[in-house]
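Enquirer: The primary structure of each chain is shown beneath.
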Amino acid sequence: MSQELRYVGKGVPTESGPEIVTGKEIFTDDIQMAGMLYAKMLRSPHQHARIKSIDTSKAEALKGVAAVLTHENIYQYIPHVLVPDTFLLESETFYALDSEVFYVGEEVACIAAESEEIAEDALALINVEYESLPAILDAEQAMKKGAIRFNTRMDSNLVGKFEIQDILWGNPEQGLEEAEIFMEGKYSCSVQTHATLETNCVICEWSNDELRVTATIQSPANLHLRLARALGIPQSKIRITAPRLGGGFGGKPGYAESRPCLILAVLAKITGKPIKIRLTMAEKLACTHTRYPTVASLKAGAKKDGSLTLLQGNLIANEGAHALIHGITDGVACSRFDTYRIPNYDFHAQAVYTNKVPSGPMRPLTGCECFWISESFFDELAEKLDQDPVEFRIKNHVKKGDIIHMMFSFPHAKSIVPGGDAPLLIGMAAQEFGWKGQWKGWRKTLQVNGTKVRSIGVAVGNNICGIHYSTVILKVNPDGSVNVGLPVAEMGQGLTTATSQVVADALGVSQDKIFIHHETPLAGFAYGSIAQCGLPLNVAAAKIAAEDAKKQLLEMGAANLKKKVEELETEDGFVFVKTEPQQRIDFPSLLFNHGSYLTVVGRGTAHPSYMDFDPETKLPFQERSYHVGLAEVEVDTETGEVQILRAVTGAECGRVINPRIVEQQMQGSLIMGLEYALYDGILHDKRNGSILTASLTDYKLPTILDFPPDSKTVVSADPDHAPTCVAYQAKSMSEAPETFVAPMLANAVYNAIGVRIREGPLTPSNVLKALGKVKADIAKHGRRKSHGEPD
Amino acid sequence: MDKEIALARRIKLVVNGKPVELEVGDELYASYTLARALRETMGLTGTKIGCDHGECGACTVLMEGEPVNSCMILAAECDGKHITTIEGLSDAENGQLHPLQQAFLDHFGFQCGFCTPGIILSAKALLDRNPNTTEQEIKEALSGNLCRCGNYPDILISVQSAAKTMRGESK
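Sequences listed follow chains U and B, in order.
FYI, this note's numbering numbers position 687 of the first sequence as 687, with every residue one higher than the one before it.
All you need for this note's numbering is the position in the second sequence, starting with 1, plus 791.
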């Protein structure tokens with residue numbers, strides 16, 4: 001049973017709230033410094049070209065321009081090396097600046113000037129002579145033998161990968177023989193992007209020989225190491241601060257920050273001044289990274305009783321011109337297809353380089369892409385089996401003790417679900433939705449009103465709870481206040497609130513005594529606010545540190561109060577005797593008696609697996625947070641418009657640290673997933689791969705009018721569901737809640753219109769195309785194809 | 792605007808109740824939008840710049856009590872105008888928060904907080920006009936303010952709660 005705690009489990013408000021509602025909270029772009037210079041990037045107009053020459057003399061001569069960097073002069077100051085990627089793996093392609101450019105919008109040169117306006121004016125004065133090179137945009141074409149190479153230095157367009165990332169289990173031939181029902185299909189989905197209202201922003205300055213960086217960065221500790229390697233200076237000479245981020249969602253993990261950081265570090269050095277760059281929204285949308293354009297061919301076999309025998313599949317993810325997380329995309333994508341208990345797997349995934357704008361992580365890495373595909377596919381299989389889609393999922397979903405793919409962990413291909421009961425959650429959510437009374441069978445509508453038809457659908461999703469490990473430094477000051485250095489950023493996900501709640505309870509102090517800062521190198525190390533690391537790693541590490549500090553304070557208290565440690569407890573900044581609470585001493589008195597400061601380090605791991613193996617199978621444990629969603633939609637068969645009328649979303653998230661933050665994450669994910677499913681998304685120019693939707697007019701975001709009128713969240717929050725999560729058995733809640741949304745809507749739309757849309761999104765034109773009401777070319781182009789235009 | 796005229800001009804504004812006089816030229820670039828003048832010339836960084844194209848609403852401030860996208864107005868055009876930014880909402884004397892600010896705090900009206908100043912100001916213009924507002928009117932008044940975190944349900948609850956306070960029904 002869960003113990004009653006003072007802060008954990010309560011809807012404690014965000015500690016930064018007073019600053020946020022008064023406009024005092026400092027975001028990166030709010031920082032101005034005396035003598036500050038401003039930078040602008042010159043970007044490539046070509047999808048693939050060699051830079052024959054760059055003449056910057058006219059730009060340099062413009063009044064107010066301080067310096068110009070290109071690939072020709074930057075390596076006078078830093079080593080000419082490939083920049084490590086976001087996961088600190090060696091990149092195959094990525095230099096600070098290069099003589100070859102690989103996508104439209106790639107950085108070619110950078111100007112530092114006294115104002116953004118002057119820098120902008122100077123861009124037009126740089127004269128670049130390009131030699132255009134053959135380019136490739138389609139990932140399936142790029143995989144073929146003899147395909148055009150996206151990069152003349154590379155032998156292949158395949159992103160290098162680790163050997164055991166595919167899922168190859170059991171005996172696929174046997175699975176084929178045992179199957180009585182088969183399902184086959186090819187699926188693809190649309191492309192979403194982060195579109196955070198705060199665009200990426202970086203400030204660099206040097207203090208003697210220390211580089212100080214302030215940036216919109218989800219992973220300051222990773223950037224720290226990457227910068228040190230690429231700049232050729234010791235890590236001890238770099239300090240990175242991550243102010244509160246105006247949204248992240250995977251859009252600020254280091255790619256859009258690392259290149260500007262490297263270039264600005266050099267510009268700050270040679271000019272002797274602080275320097276800032278803030279990307280415009282057009283740059284953010286068109287030149288950083290998006291979700292993966294993904295396509296998959298799948299085949300599954302099942303017995304008539306509904307049990308699954310086989311999954312075969314090939315998935316191709318278009319990586320664009322650089323791999324942000326090198327060679328991991330494919331392995332992670334595989335792990336999106338192990339939701340159901342299937343004994344025989346033959347599943348391959350491949351990330352492929354092209355001359356498109358890079359793809360990369362977004363809430364969560366490959367997750368929404370793959371669940372859209374897999375949950376549409378398994379829905380079709382459930383129909384072939386003539387099973388209720390809720391019952392199909394309850395019957396086949398993995399649960400405690402089942403084998404799943406070992407995401408991110410290379411020595412093991414398999415892992416074990418350590419706890420959690422997703423089928424229970426699915427049942428709870430279905431009951432809340434009233435599924436039993438509503439479900440009339442496949443392709444049956446609930447209501448028809450003129451051209452408008454209503455029906456329902458269901459889908460599941462999940463994501464890993466963190467990767468690797470985190471170290472957090474906790475300091476109890478002589479006055480009894482507490483500092484916690486978190487090596488990851490706060491971006492609205494509530495990580496600092498959750499950390500201070502947990503530390504307050506674990507240490508026995510009042511929450512208002514705790515201050516949390518996000519700065520390297522003094523905060524410790526973690527991969528970042530990515531891959532749902534917050535709770536299971538960083539909050540866990542903070543809790544471990546708080547428990548260590550508490551143990552030491554109890555020992556000090558035992559000496560002072562002449563009691564045994566077991567007789568004592570802490571609360572509200574005091575050590576007291578359990579049986580006589582009035583016998584107590586406060587932390588400041590104890591600390592002054594023992595040399596004032598108490599500094600401890602806590603380490604949290606995402607893979608307790610490395611120490612914690614299932615005794616029977618000898619496989620490592622892997623915790624994931626499981627989710628489900630059920631929705632009712634209305635489709636206008638005349639206009640093709642899809643409306644979501646109501647939804648019940650479910651989260652199996654271990655113990656809830658802060659129920660209000662859980663609700664916020666579920667709500668935010670629902671509307672973000674709705675945008676992914678129903679809106680156009682990112683559109684590429686078919687001629688050169690550039691992004692056409694480079695403004696918030698063209699890349700439409702949902703407004704307050706678009707939120708579903710009726711949505712509820714159910715939480716299955718038994719702490720026994722997360723036995724390996726050390727922060728009070730709390731699981732992550734930040735990324736996985738978006739994974740089920742698009743397929744939930746796709747499955748409901750299918751039941752409403754009776755036609756499956758296998759190529760997302762569910763836009764009016766695609767719905768009308770599915771209904772045979774418009775010609776394919778109009779659906780694809782939004783207009784009739786002009787003569788000679790390619791498909 | 793003609794550069795010669797712009798250079799010769801001084802503009803007078805009232806920002807959060809305080810008179811501000813700026814010389815277009817050295818003190819204020821003629822090309823500066825109101826958003827940049829507030830942030831960079833006057834140091835009022837509570838006004839956020841998101842898209843810088845009038846699409847997202849993060850830069851919303853009140854001009855003569857009406858919400859405007861401050862990224863779409865040249866500062867030099869604001870001569871004689873009364874401007875209210877997020878910094879001007881709480882009580883200048885005792886620091887007490889405006890009912891909207893208090894409601895956004897109490898009801899989790901934000902996640903990352905980047906869009907919050909603009910949303911609070913759009914809501915203020917609405918509630919100043921009519922605190923007896925309907926849910927649909929609130930949604931329409933805020934439909935020009937994007938919240939990428941998708942915190943819309945809690946934003947709606949926050950504004951409804953503030954409206955109640957402003958009608959004198961609570962607190």
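Simulated from the structure, these hints should not be mistaken for lab results.
Any given hint might turn out to be false.
Unchecked claim - Mimicking DSS-like on lysine-lysine, the simulated pairs with C-alpha atoms at most 30 Å apart in a straight line are:
| hint | chain 1 | residue 1 | chain 2 | residue 2 |
| --- | --- | --- | --- | --- |
| 1 | U | 712 | B | 803 |
| 2 | B | 803 | U | 700 |
| 3 | U | 10 | B | 955 |
| 4 | B | 809 | U | 712 |
| 5 | B | 803 | U | 24 |
| 6 | U | 712 | U | 10 |
| 7 | B | 930 | U | 452 |
As the list claims (entries may be wrong) - Computed, partial: chain U to chain B, Cβ under 10 Å:
| hint | residue |
| --- | --- |
| 8 | 16 |
| 9 | 19 |
| 10 | 24 |
| 11 | 144 |
| 12 | 148 |
| 13 | 196 |
| 14 | 490 |
| 15 | 586 |
| 16 | 588 |
| 17 | 670 |
| 18 | 675 |
For every residue, glycine included, the Cβ atom is placed at its ideal position computed from N, Cα and C.
Enquirer: Look at each hint and say if it fits the structure.
Expert: Against the structure, the hints:
no., hint, in the structure
1, U/712 / B/803, "violated, 51 Å"
2, B/803 / U/700, "violated, 37 Å"
3, U/10 / B/955, "holds, 25 Å"
4, B/809 / U/712, "violated, 46 Å"
5, B/803 / U/24, "holds, 25 Å"
6, U/712 / U/10, "holds, 19 Å"
7, B/930 / U/452, "holds, 25 Å"
8, 16, "holds, 7 Å"
9, 19, "holds, 8 Å"
10, 24, "holds, 7 Å"
11, 144, "violated, 38 Å"
12, 148, "violated, 36 Å"
13, 196, "holds, 6 Å"
14, 490, "holds, 8 Å"
15, 586, "violated, 30 Å"
16, 588, "violated, 29 Å"
17, 670, "holds, 7 Å"
18, 675, "holds, 9 Å"
Hints 1, 2, 4, 11, 12, 15 and 16, counting from the list given before, are not met by this structure.
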